[in-house]
Amino acid sequence: MLEIKNLVVEIEGTRILNGLDLTVNNGEIAAIMGPNGSGKSTLSYVVAGKEEYEVLDGEIILDGQNVLEMEPSERAAAGVFLAFQYPLEIPGVATMTFLKAALNAQRKSRGEAELTTPDFIKRVNAAAQQLEIPKDMLKRALNVGFSGGEKKRMEILQMALLEPRFCILDETDSGLDIDALRIAAEGVNALRSPDRSFLVITHYQRLLNYIVPDSVHVMAGGKIVKSGGKELALELEANGYADYKAQEAA
Amino acid sequence: MADVERINTPVEAAIAEHFAGVKATLPGDAGTRETAFARFTEAGLPHRRVEEWKYTDLRNLMREAAALAPALSDDAAKAALEASPWFSGVDAVRIAIANGHVVASASDLADLPEGVTLETLSQALAAGHADLAHLGAIPEAGDNIAVALNSAFMTDGVVIRVKAGTKVTMPLHLRFVITGDSAVATATRSLIVVEKGASVTLLESHDSADALAHQPNNMVEMVVGDEAQVAHFRIDGHGTGAQALSTLTAHLGAHVAFDTLNIVARPGLVRHQVYMTFAGEHTKGAVRGATMLTGKQHADTTLFVNHVAPHCESRELFKTAIDGNATGVFQGRIAVAREAQKTDGQMMSSAVLLSDGATMNNKPELEIFADDVLCAHGATCGALDDDLLFYLMARGIPRPEAEALLIESFLGEAVEEAVDETDEDLREALLSVARTWLAARS
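Chains as they are written, first to last, in this note's numbering: chain A, 1 to 250; chain B, 251 to 692.
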């Protein structure tokens with residue numbers, strides 16, 4: 001479903017991704033682990049379409065389409081979803097207004113009718129209940145005054161509503177206590193399906209106890225340096241990234 | 251006065267000619283009008299070398315001077331009022347003023363709330379009404395050229411008095427419209443006297459066609475007694491053919507709560523001036539604005555906030571969204587007199603520039619003579635936040651819609667602060683101005 005070939009990316013003249021190759025199949029959960037500064041977040045932003053990154057080479061193919069030419073909103077409509085490491089606060093934009101705008105924009109681009117308000121509210125409430133998001137949180141401005149854990153759960157709520165094809169979780173575990181982590185992971189697991197793939201970016205193996213990956217990839221120096229099954233995560237947890245950092249330095 | 255300037259441009263000469271032609275027909279004391287006009291004769295139209303008009307060079311911007319509009323027929327006035335949408339969703343007592351004249355047949359004069367009296371300015375001037383003594387309650391405004399011209403030319407308006415202790419629940423809505431086939435000028439003056447302990451909400455809207463060249467000069471003076479509460483919401487919806495000058499003065503007693511919000515969406519050229527004087531202790535006054543500009547529009551907001559009495563609080567919040575080659579101006583002066591100890595004043599002006607051709611001029615000024623005050627001002631100017639835009643777009647919201655959401659929330663802050671959150675109709679009436687503007691933009 002998603003194929004990244006020889007991706008080379010710079011930001012302000014600094015090379016971040018250095019010929020990255022990665023394939024994630026339909027229904028697969030791929031985990032990316034790696035030390036700080038290895039380019040994991042950059043990869044997530046480049047797939048989602050953030051502007052300030054300069055793609056010098058390579059392609060990102062989603063379901064046969066090269067997404068690099070698309071605006072972020074078009075990529076979202078094509079099925080890309082990025083759960084942000086640091087979800088942004090948007091004062092003055094009501095959470096419900098935002099959710100409705102996002103959902104209806106995607107439906108519109110797929111040629112589907114807009115949801116009626118009662119139907120929309122029903123869907124939001126169902127997703128919120130599952131993620132233990134209190135209703136008064138939905139009444140506030142988007143992410144404003146939310147705790148770190150609440151913001152992450154709001155990301156998963158959006159993912160559940162938008163039903164994307166390809167989900168990127170960028171360090172969704174950071175800043176979460178153990179209960180919040182469990183709730184978020186359950187939210188993700190509930191969305192697992194043969195038609196949906198996940199790219200789970202994390203520093204720690206802990207998250208992968210809850211969201212069990214099909215493949216684990218180690219990223220260092222802007223590319224994938226090792227791939228394996230879920231046991232690779234345990235190995236990294238035990239040995240750290242020292243080997244890979246040394247490899248990078250060499 | 252070594253640098254007195256004489257009337258020396260064709261436009262100034264045309265204004266003098268209009269005044270000479272019309273003054274005998276205007277109501278009230280001719281001498282007062284002559285004195286006001288002499289102020290204009292002395293100074294001429296303000297230009298960029300006059301500090302207070304530096305960014306709005308009227309001499310350069312006003313190339314024609316239209317004659318005062320005659321009163322409309324009732325039918326013509328009603329047709330124009332019919333087309334004016336502002337505040338239509340808010341229950342209110344409506345008072346219509348078309349081409350500078352009160353239209354009694356289109357106003358709810360018989361339905362004035364208990365404790366509220368209203369006369370037209372023309373009647374009051376003709377009869378020498380006692381309340382007219384309150385005109386010019388803030389004397390320094392009289393030196394302002396827009397005010398001087400208004401005092402010379404004013405044709406009509408309303409004189410409203412809210413009696414002591416009266417809590418007026420239904421807002422009073424002053425609906426101004428201008429219509430015509432050829433260029434017109436209007437000059438209206440309204441006086442609102444709110445007695446001790448009374449409370450009232452005033453809505454003020456302006457409407458006119460884009461294609462009509464028109465030069466409205468509107469002034470509202472408010473004299474607010476001790477312990478009174480006044481909320482004022484203004485929509486400047488003059489068309490793009492407008493060169494609009496407006497002035498609001500608010501003379502505030504003690505323990506007053508006063509709020510004014512001005513929304514500017516359409517006029518080609520507009521200068522809105524607010525004079526707010528804190529004359530009594532423990533008063534709170536807020537002046538807010540949301541301005542949206544595109545094309546070659548020019549909008550100037552100029553404030554003169556004067557703290558005379560101690561223990562008062564002033565808040566100013568202005569939001570400007572600028573697209574195209576439009577220009578925004580914010581000048582805010584807060585003066586704190588030596589006696590005005592414990593003044594708490596905060597002024598903020600933020601602009602978002604939506605195009606390369608957009609310009610914003612921000613000039614906050616503090617003049618503080620008291621030594622125990624808390625005063626702050628700030629000004630920001632920048633593009634929409636790219637990270638926020640990306641966040642919205644990453645959820646599938648196309649760029650124009652994502653920008654609209656951010657701009658509405660940016661402008662909406664001024665509205666949200668001004669409107670009681672339970673007042674959905676009013677909130678909607680104000681925010682819809684921004685939504686209409688944004689819909690036209692994308």
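Honestly, the hints are just simulated from the structure, not real lab data. Warning: the hint list may mix true and false statements.
[Stated by the list, open to error] Pair ranges (Cβ atoms, derived):
{"id": "1", "chain 1": "B", "residue 1": "E674", "chain 2": "A", "residue 2": "D195", "range": "49 to 55 Å"}
{"id": "2", "chain 1": "A", "residue 1": "D136", "chain 2": "B", "residue 2": "E667", "range": "18 to 24 Å"}
{"id": "3", "chain 1": "A", "residue 1": "R140", "chain 2": "B", "residue 2": "D341", "range": "26 to 32 Å"}
{"id": "4", "chain 1": "B", "residue 1": "A690", "chain 2": "A", "residue 2": "E112", "range": "49 to 55 Å"}
{"id": "5", "chain 1": "A", "residue 1": "G13", "chain 2": "B", "residue 2": "G545", "range": "47 to 53 Å"}
{"id": "6", "chain 1": "B", "residue 1": "E674", "chain 2": "A", "residue 2": "I178", "range": "56 to 62 Å"}
{"id": "7", "chain 1": "B", "residue 1": "S692", "chain 2": "A", "residue 2": "N25", "range": "55 to 61 Å"}
{"id": "8", "chain 1": "A", "residue 1": "R140", "chain 2": "B", "residue 2": "S692", "range": "23 to 29 Å"}
{"id": "9", "chain 1": "A", "residue 1": "A238", "chain 2": "B", "residue 2": "E674", "range": "26 to 32 Å"}
{"id": "10", "chain 1": "A", "residue 1": "Y86", "chain 2": "B", "residue 2": "G365", "range": "39 to 45 Å"}
{"id": "11", "chain 1": "B", "residue 1": "A690", "chain 2": "A", "residue 2": "V144", "range": "55 to 61 Å"}
Just so it is clear, CB atoms sit at the ideal spot from N, CA and C, and this is done for glycine as well.
Hint-by-hint comparison with the structure:
| no. | hint | verdict |
| --- | --- | --- |
| 1 | B/E674 / A/D195: 49 to 55 Å | violated, 42 Å |
| 2 | A/D136 / B/E667: 18 to 24 Å | holds, 21 Å |
| 3 | A/R140 / B/D341: 26 to 32 Å | holds, 29 Å |
| 4 | B/A690 / A/E112: 49 to 55 Å | violated, 27 Å |
| 5 | A/G13 / B/G545: 47 to 53 Å | violated, 39 Å |
| 6 | B/E674 / A/I178: 56 to 62 Å | violated, 42 Å |
| 7 | B/S692 / A/N25: 55 to 61 Å | violated, 39 Å |
| 8 | A/R140 / B/S692: 23 to 29 Å | holds, 26 Å |
| 9 | A/A238 / B/E674: 26 to 32 Å | violated, 59 Å |
| 10 | A/Y86 / B/G365: 39 to 45 Å | violated, 55 Å |
| 11 | B/A690 / A/V144: 55 to 61 Å | violated, 29 Å |
Of the numbered hints given earlier, the model fails hints 1, 4, 5, 6, 7, 9, 10 and 11; all others are met.
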